[in-house]
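Here the protein sequences come in this chain order: W and G.
Counting from 1, one number per residue, gives the positions in the first sequence under this note's numbering.
Counting from 297, one number per residue, gives the positions in the second sequence under this note's numbering.
A few of these clues could be false.
[Claimed, not checked] Partner residues are not named here, just some residues of chain W that face chain G (Cβ under 8 Å, in silico):
(1) 12
(2) 34
(3) 36
(4) 47
(5) 126
(6) 157
(7) 158
(8) 162
(9) 241
Note that these hints are calculated values from the structure, not bench results.
For each residue, glycine too, the CB sits at the ideal point set by N, CA and C.
For reference, the chains in residue letters:
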Amino acid sequence: MKRKIETSERIFQVISYVLLTAFALMCLYPFVYAISSAISGRQSVEYSQVVLFPKQIQFKAFSRMFSNNMFWNAYSNTLFITFYGTVWALFSSILGAYALSKSRLLFRKFFNFFLVFTMWFSAGIVPQYLNYLATKKVFNGIGIMDDKWLVVIAMGMAAMNIILLRNAFEGVPSEIEEAARVDGATEMQVLSNVFLPMCKSTIATVALFFGISRWNGYFWARQMISNGNEHPLQVYIRLQLEEFTDPEAMAAWNEVYASDSVIYALIVCSIVPILVIYPFIQKYFAKGANVGGVKE
Amino acid sequence: MKITADDYLVYDDKTGLYRRSAEQSVRDEVEKHYWLNVGRSIVKDWRLYLMLVPMILVFLFWRYFPMYELLGCFKHYEQVKPVSEQFFSGFSYFRTLLVGGERLSVEFWRAMRNTFLLSFYGLLFGFPIPIVIALFFNEIRSNIARSVYQVLTYLPKFMSTVVMTSLVTMLVKQGAVTTNMGIVSQLLVKLHLVSFETANAGLLNNPAFFRSIYQISGVWETAGYDSIVFFAAIISISPTSYEAAQIDGANKMAQMRYVVLPSILSTIVIMLISKIGTLLSIGYEKVLLLYNTNTYVTADVISTFAQRYGVAGAQKGIAAAAEMMNNVVGMLLVIGANTVARKASNVSLY
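Input sequences plus hints: build the corresponding full structure.
Written out as C-alpha cells, the structure is:
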C-alpha cells in the first residue's frame, strides 16, 4: 500500500532540498573559485572576471610554486611531522590505554585522573611557551638539533584520544583475553594479537585524529621552529599569505598571473592530498564524530 | 571503616569465652603488608607499568610542568631565573589586570568580554544549525543524493585553520587601485548589505564585521560535520514510530514535535552540555590568524592577549595571570557541565 504523501510533508521535503543544495554549493564554491583563480590570467583575477570558470588559462602560478624548493621542503616537513608524530602518539597512547583498561592495575583511579585533569585545565600559552623553550634547550643539549623532533615528540598528545582507546579496550570480553593467556600468550602478545585486531576501527579513528591534528598544526610549529627550512606547510602558507597580501610589497608585481593566484595555488595544493585519501578515511571520520567524548 | 574492640574479640557461644576474630587478623595482616603487596603486584605486572611510562612522561613533561611554570604569575618575572628562585609578588599581576584602571586592565576586560561573546555567539548559531541540517538530511530519500550532500558539506572541515583563514582572507580582501576586492565582498556590495567604501577598505580591517566573519566561517566549516551525530540519532528512530503518528493523523510538524524531537533530545542535551563545558576554550589559532591591529576592539580574546604580551612581548607574568583566570573559570564550567550531565542522563562526558 502506497500511503498518501501529506502536503506538509511535501513542502518540508522541498524546503530541505532547496536549503541543502544551497548549503552544499556554499561549501563547494570557495574551492572551485580557488582552483579557477589559481589558473586564470592576471587581468581576469585582478578585475574579478573569474566567477566560476577560469579565464585566460595559465599554469605559471603552479609552476612557480613547484619550482620553489621552499615549497617542497615545507611539504616534506609536514609529511615528516605527520608520520612520526602520529606513530609516536599512537604508540604511547595504545600502550598507556591498554594498561589503564586493566582492572588489576593499581592506582588506576589516580592515573585516570592524571589524564582527565589535563582536559579540564591547561596552563595556557605562556607557561607552555616557556616549557617548550626549556625543552628545546634540553633537546639541543643532547644533540637533537632539528626542532622538528620537538614538534613530533612534545606536542599533539591528547587525553581524549587515550580515553577513547581505553574505552574500546575495556569493551573487549575478558574471556577472550583469558583464553589467550591459557594458551601462554605474554602481555605484548595479548595486546598485539587480541586487543589490536579487535579494536581496529577505534585505533584507525584515533590515528586519524592524531594525523589531522599534526597535519594542521600551525601555532607552536611557527613559534618553536626557528630554521625556515624546517617550517611545515601550514607555516609556509601563512608566511606566503602575509607576504603576498601586503599591498606595498606587491606594487612591483609584474608577472602574467596575479599574485593572488599563487596563494590560491598553495591552498589547492594543500587540500588535494586530503581529498585524494578522503574516500578511504571517510568511514572513520564519521565514526569519530559519533564516539567523540561521550562515555556511558 | 572504623575498627572497634568487637572486631577483634568474638564471643563464642559454645565455650562461653571470647576468642580472637580470624577475619580481622587476616585484615590486619593485609593492612600491615599493604605496601609489600603493592610491591609484589607491581613486580608481577611490571610489563603493565612499563607500558604506562611513555604516556606518563609526555603528560608530565609537557602538560604538568607548564602548570608549575604557572607559579610565575605570582612572582616577579625575570627571564634568567627559574620560577623557583623568583620573588613572590603576591597578587599584584591580578590586581593590575582586574582593577588596575590602566591600558592593560582595559585591554584585559575587553578581551574577557570578547571571549565570552565569541563563544556565546558560537553556541547560539553553531549549535542549532547542525540539528536543522540533520533534519534536512533525513528528508532526502535517495541514498546517492544524500551521500553527495554529505560529502560536500563535510568538505570544509578538512581544511586546516590556516588554509581556511587564508581562503577567508582572500575572499573578503580589500580592493586597491589596480585590483578589485574579494569576490564575497563584491557579492555583499551587490546585495546592498555593505557599502562599497566599507567593503573596499577590507572587511577584516573593520571591527564591526569581525564577529560575523568569525561565526559565519565557523558555521561554514563545521555545520556539516557536526550534523553527523544528530543524523545518527535521527536515523535510529524506528519507522513504526512515524507510522503510528501518521495513523493518529500527525502532519509533518506534529511528527517533528512528538516523534523526532523526543528521540534526539538526549543527544541534544549531551552535546549542548559538552559545548557549554568548552565555552571559554575557544580556539586561539583562528582568532590569531584572522585579527589585526584594526580589529582588536572586537577580536582580541584572552588567549591572543596572552600571546601578544607573553609570547611576542615580554610581560610573561601578566599574560600568564590573565590566561590562568580564564582557564580556571573554564575548568569550573567543564566540571559543572559534567556533573549536570551525569545527574541528568547517567552519561559522563569524560
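Now the hints, each set against the structure:
no., hint, in the structure
1, 12, "holds (5 Å)"
2, 34, "holds (7 Å)"
3, 36, "violated (10 Å)"
4, 47, "holds (6 Å)"
5, 126, "holds (4 Å)"
6, 157, "holds (5 Å)"
7, 158, "violated (10 Å)"
8, 162, "holds (7 Å)"
9, 241, "holds (5 Å)"
In summary, the structure is inconsistent with hints 3, 7 from the numbered list given earlier, while agreeing with the others.
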